[in-house]
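Using numbering that gives the first Met the number 0, read the first sequence as starting at 0 and increasing by one per residue.
These are calculated hints, taken from the structure and not from any lab test.
On a predicted model such as this, the values are computed, not experimentally measured, just so you know.
Idealized CB from N, CA, C, for every residue including glycine.
Don't take each hint at face value.
Keeping only pairs whose Cα atoms sit at most 20 Å apart, straight-line, the calculated SDA-like set for lysine to any residue is [claimed, not checked]:
hint : residue 1 : residue 2
1    : K194      : I69
2    : K250      : V265
3    : K65       : V325
Computed beta-carbon distance windows for the label pairs [unchecked claim]:
hint : residue 1 : residue 2 : range
4    : D256      : E48       : 41 to 51 Å
5    : K291      : E48       : 46 to 56 Å
6    : N149      : R376      : 28 to 38 Å
7    : K428      : F133      : 41 to 51 Å
8    : G341      : E229      : 38 to 48 Å
9    : S210      : A386      : 39 to 49 Å
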Amino acid sequence: MLYSFYPSVNSGYSMLYSKLFGKTIKESPKDESSVNARLLIQAGFIRKEVAGVYNFLPLGLRVLNKISNIIRDEMDNTGAQELLLVSFQNKANWEKTGRWDSFDALFKVKSRYDFEYALGPTHEEVLVPLVKNFANSYRDLPLKLYQIQNKFRDEARSKAGLLRGREFLMKDLYSFHQSEKDLVDYYELMKKVYKKTFSRLGLNAIETLASGGTFSKFSHEFQVICGNGEDEIIYCPSGDFSQNSEITKVKEGKECDLGHGPLKKVKTIEVGNIFPLKDKFSKAFGLTFKDKSGKEKYVVMGCYGIGISRTMGAIAEVHNDKKGIVWPKSVAPYQVHLIHLGGVHPRFAKASPGESATSEVYDKLVKTGVEVLYDDREDVSAGEKFADADLIGIPVRLVISDKVSGGQVEWKKRDEDKTEIISVDQAIKRLG
RNA sequence: CGGGGUAUGGCGCAGUGGUAGCGCGCACCGUUCGGGACGGUGAGGUCGCCCGUUCAAAUCGGGCUACCCCGACCA
Numbered sequence: 000m001l002y003s004f005y006p007s008v009n010s011g012y013s014m015l016y017s018k019l020f021g022k023t024i025k026e027s028p029k030d031e032s033s034v035n036a037r038l039l040i041q042a043g044f045i046r047k048e049v050a051g052v053y054n055f056l057p058l059g060l061r062v063l064n065k066i067s068n069i070i071r072d073e074m075d076n077t078g079a080q081e082l083l084l085v086s087f088q089n090k091a092n093w094e095k096t097g098r099w100d101s102f103d104a105l106f107k108v109k110s111r112y113d114f115e116y117a118l119g120p121t122h123e124e125v126l127v128p129l130v131k132n133f134a135n136s137y138r139d140l141p142l143k144l145y146q147i148q149n150k151f152r153d154e155a156r157s158k159a160g161l162l163r164g165r166e167f168l169m170k171d172l173y174s175f176h177q178s179e180k181d182l183v184d185y186y187e188l189m190k191k192v193y194k195k196t197f198s199r200l201g202l203n204a205i206e207t208l209a210s211g212g213t214f215s216k217f218s219h220e221f222q223v224i225c226g227n228g229e230d231e232i233i234y235c236p237s238g239d240f241s242q243n244s245e246i247t248k249v250k251e252g253k254e255c256d257l258g259h260g261p262l263k264k265v266k267t268i269e270v271g272n273i274f275p276l277k278d279k280f281s282k283a284f285g286l287t288f289k290d291k292s293g294k295e296k297y298v299v300m301g302c303y304g305i306g307i308s309r310t311m312g313a314i315a316e317v318h319n320d321k322k323g324i325v326w327p328k329s330v331a332p333y334q335v336h337l338i339h340l341g342g343v344h345p346r347f348a349k350a351s352p353g354e355s356a357t358s359e360v361y362d363k364l365v366k367t368g369v370e371v372l373y374d375d376r377e378d379v380s381a382g383e384k385f386a387d388a389d390l391i392g393i394p395v396r397l398v399i400s401d402k403v404s405g406g407q408v409e410w411k412k413r414d415e416d417k418t419e420i421i422s423v424d425q426a427i428k429r430l431g
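Could you build the full structure based on these sequences and the hints that come with them?
Listed below in structure tokens is the structure:
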């Protein structure tokens with residue numbers, strides 16, 4: 000919560016740029032060419048460890064957490080419960096489903112001794128045996144469990160920054176039902192919930208029919224249109240049809256059945272995917288329950304994933320301009336980028352922060368609960384501060400300089416050119 | 001996994017046989033202060049790794065590794 004007793008230092012709500020770990024860099028790294036990686040590295044959100052594996056710096060982690068919390072909110076609203084499963088997984092369970100050999104992106108980890116583990120790329124092999132301990136009766140169903148955790152996949156080729164990594168953050172939810180009918184009801188609900196979740200994240204995700212891979216006969220993907228995406232869909236811009244071009248038999252340009260005009264083919268990023276697993280895994284592990292008449296039946300399952308770090312990459316891919324990232328408000332690391340320009344209090348930063356006009360505004364914003372990144376650097380030109388603010392992409396920029404008088408700020412939104420001078424209180428009202 | 005490219009200071013780059021340089025950044029001093037300011041001083045590199053050729057290798061030859069891109073693959 001808010002540390003109001005010590006308002007001028009960093010808290011969960013605020014940060015002094017001079018203290019922020021992870022600075023912007025002027026020239027983007029040459030060994031990255033994807034838009035998301037260049038922007039996110041340049042703006043100080045992430046740093047590459049090895050190919051397809053990225054560290055998240057404080058700004059990046061804030062975005063990741065914003066995304067995660069929106070997803071949590073939506074998942075909890077469907078009656079799901081969050082838990083946290085292991086990354087080191089039991090080899091025997093993977094052999095039981097046959098995926099120890101058939102899942103080719105599976106990382107296999109050997110210990111110095113005779114142990115061997117699967118490094119979790121997905122969690123059916125962990126959760127289904129676990130659920131077996133607790134769900135034995137129709138009274139225990141339906142059951143919806145999810146987690147947010149790093150996944151590992153031994154991709155032949157990682158690429159495009161956060162869009163295809165070997166280690167990435169993912170939300171995976173698994174549902175357990177008495178009947179296929181109950182699964183279908185929840186599955187249909189999740190389609191709506193996914194649509195809404197992505198919309199809250201600032202993405203228009205198109206529900207798309209796709210293959211089921213090693214999981215099921217078919218699945219539904221949530222695809223965001225982006226020229227740099229690696230997927231391709233054929234869809235109706237009016238929203239009643241979309242299929243992954245891997246499986247569709249329909250051709251681009253064909254008239255939509257509902258008369259909306261020609262179907263289009265576009266490149267996309269897959270940010271979510273849901274599968275009706277049915278009894279595939281319950282059979283493998285003997286996950287059964289007793290129904291009302293005492294008959295033993297297989298539990299019917301579904302699973303629902305959202306690539307959280309990939310979604311962050313997708314947002315950066317979609318929401319940017321020549322100057323940098325333009326974060327949607329809901330996932331921005333901070334709501335306000337506060338800038339002080341010389342003139343009002345020359346050398347102000349050498350005085351204790353609480354004494355300058357800008358710091359007073361900063362403290363006021365923080366006390367009100369507004370998340371602020373305050374560029375308190377001295378001896379840095381206006382142009383550089385503006386350039387950094389644009390690069391980082393926080394939705395609202397507030398400037399205090401000799402252009403504004405006491406109690407006022409200059410307000411500018413990241414996605415607009417217009418600036419206006421308003422009172423601090425007005426600014427707070429707008430941010431509320 | 002096939003093909004292509006790259007590897008020199010924190011970042012971006014130059015340097016085709018004689019012992020490494022520029023811009024940015026960083027540190028200090030001064031001047032600046034609304035769109036990436038200026039002057040001065042200074043720190044920082046076993047030139048990805050190994051082997052070889054040579055009196056001498058960032059530079060030539062061989063091998064390896066890492067990263068990026070295209071393709072194949074991809075809950």
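Hint by hint, here is what the structure shows:
1. About 13 Å separates the Cα atoms of K194 and I69, which keeps this hinted pair within 20 Å; it holds.
2. The straight-line distance between the Cα atoms of K250 and V265 is roughly 12 Å, inside the 20 Å bound, and the hint therefore holds.
3. Using a Cα cut-off of 20 Å, the hinted pair K65 and V325 holds, with the two alpha carbons roughly 15 Å apart.
4. At about 48 Å, the CB distance of D256 to E48 agrees with the hint of 41 to 51 Å.
5. Checked against the hint of 46 to 56 Å, the C-beta distance between K291 and E48 comes to roughly 53 Å, which is consistent with it.
6. Distance hint check: the CB atoms of N149 and R376 are about 34 Å apart, consistent with the given range 28 to 38 Å.
7. A C-beta distance of roughly 49 Å is found between K428 and F133, which places it inside the suggested range of 41 to 51 Å.
8. In this structure, G341 and E229 meet the distance hint of 38 to 48 Å, their C-beta atoms being roughly 47 Å apart.
9. Checked against the given bound of 39 to 49 Å, the beta carbons of S210 and A386, roughly 45 Å apart, stay inside it.
Consistency note: the structure conflicts with none of the earlier hints.
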